[in-house]
Amino acid sequence: EAQVTQNPRYLITVTGKKLTVTCSQNMNHEYMSWYRQDPGLGLRQIYYSMNVEVTDKGDVPEGYKVSRKEKRNFPLILESPSPNQTSLYFCASSSSGVYNEQFFGPGTRLTVL
Amino acid sequence: AQSVAQPEDQVNVAEGNPLTVKCTYSVSGNPYLFWYVQYPNRGLQFLLKYITGDNLVKGSYGFEAEFNKSQTSFHLKKPSALVSDSALYFCAVRRGGGSYIPTFGRGTSLIVHP
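As given, the protein sequences belong to chains A and B, one line each in that order.
For the first sequence, position 7 (counting from the first letter as 1) is numbered 7 according to my numbering, and the numbering increases by one without interruption.
One rule links them: number in my numbering = place in the second sequence (from 1) + 1000.
Here chain B stands alone, though its shape is the one from the complex (with noise of 0.2 Å):
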């Protein structure tokens, strides 16, 4: 079984202040992880995906994320936020081998204030 724990339902951040939002998951053999955003009324958009190679994964909006083995953890960062980046940050994870129904995390609400 795969799972997926994003332990904030709400990050609070300041405008200007790095932000992360985190995840963590369990699962048999190499995870392919991702990162989506929900704006409000509106679907899922890919953010970034961490699938092998360097740890450190870039992606939209200069969002980046940090792939760590050891803690089965891949963090969401950005190092100066913005008010435009209040949303729904959810985490997924596919199994390498095949599995094609992913998991995903719970969401965690980002608000950044001005």
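Same shape as in the complex, but just chain A (with noise of 0.2 Å):
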């Protein structure tokens, strides 16, 4: 089954305590995206990856890092997490060309007290 997968899919820790949110997908895509959504605002990307080795900040990247080390893995790393991180995170994978509609994984709900 073509999907996307995320790890921990519910996560609560303390401030400053790093992290990694996996995300994996099987569908031979070429392009990824990490998002978090919060109420009233939507979904807001922080980092994509055209391809392997090749990742971009998105709209909100302040406090998070990415690696693209093989195609199908996609982690997003918080470093020092922080309170205004408490959120629920998407990844999502498509093949490239912007014209291509996004499959999205089962989202990550973290807290950070």
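Don't read these hints as lab results, they were simulated from the structure.
There may be inaccurate statements among the hints.
Distance windows between CB atoms, simulated [unchecked claim]:
hint, chain 1, residue 1, chain 2, residue 2, range
1, B, 1056, A, 57, 30 to 38 Å
2, B, 1056, A, 14, 47 to 55 Å
3, B, 1077, A, 18, 45 to 53 Å
Bear in mind the structure is a predicted one, so any value in this text is a computation, not a measurement.
Quick reminder that beta carbons are idealized off the backbone N, C-alpha and C, glycines included.
Put the two chains together into one complex, using the hints given.
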């Protein structure tokens, strides 16, 4: 089954404790991205990657890091989480080309205390 | 800069009635427009998109959307709503010419009453 998986689905942590949210897709997609969803703000892109070893900032990259060492994986790293990073996070993938629709993971709900 | 507006936070409709979820956009160049649906505790699912050609686009689950260039709108429609259509709907735009940062609207909650 074609899918995007994320882990963990739920995470409660404390300020400053480094964490990684994993994302993996099995569709051989070139393009992957991370979003955060906040009430009243919709989805905002954090980082995206157009292929292996190619990443770029989205609209709200501050406080986040990403890496793309393999085509299928695109982890999101929070080196020193803060309470304002409490949010619902989605990973997405698509074939290259701005006209292609994205496939989204199930989401990771992160709470930073 | 590109932007998307979904002017209604919530749309209420009775089952069996037609529904419309509104979306307007602003982008320089040719727009690529998308609708996604999010059911509770799930990720977004693609519904339909406009790239070029026919202004009326048909998608999944009986949904369709009409691209109107002069009004810069891309409203989502369905002739007969189902209770199971109740969900959060997002409109998104990407700019033709290579921008890989899509802009999403804030979302519209559709509630279909039995």
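Consistency of the hints with the structure:
For the pair residue 1056 of chain B and residue 57 of chain A, the supplied restraint of 30 to 38 Å holds, since their beta-carbon distance comes to about 36 Å. One distance hint, 47 to 55 Å for the beta-carbon pair residue 1056 of chain B and residue 14 of chain A, holds here, with the actual separation near 52 Å. In this structure the supplied range 45 to 53 Å holds for residue 1077 of chain B paired with residue 18 of chain A, their Cβ-Cβ distance being about 46 Å.
The earlier numbered hints are all upheld by this structure, with none contradicted.
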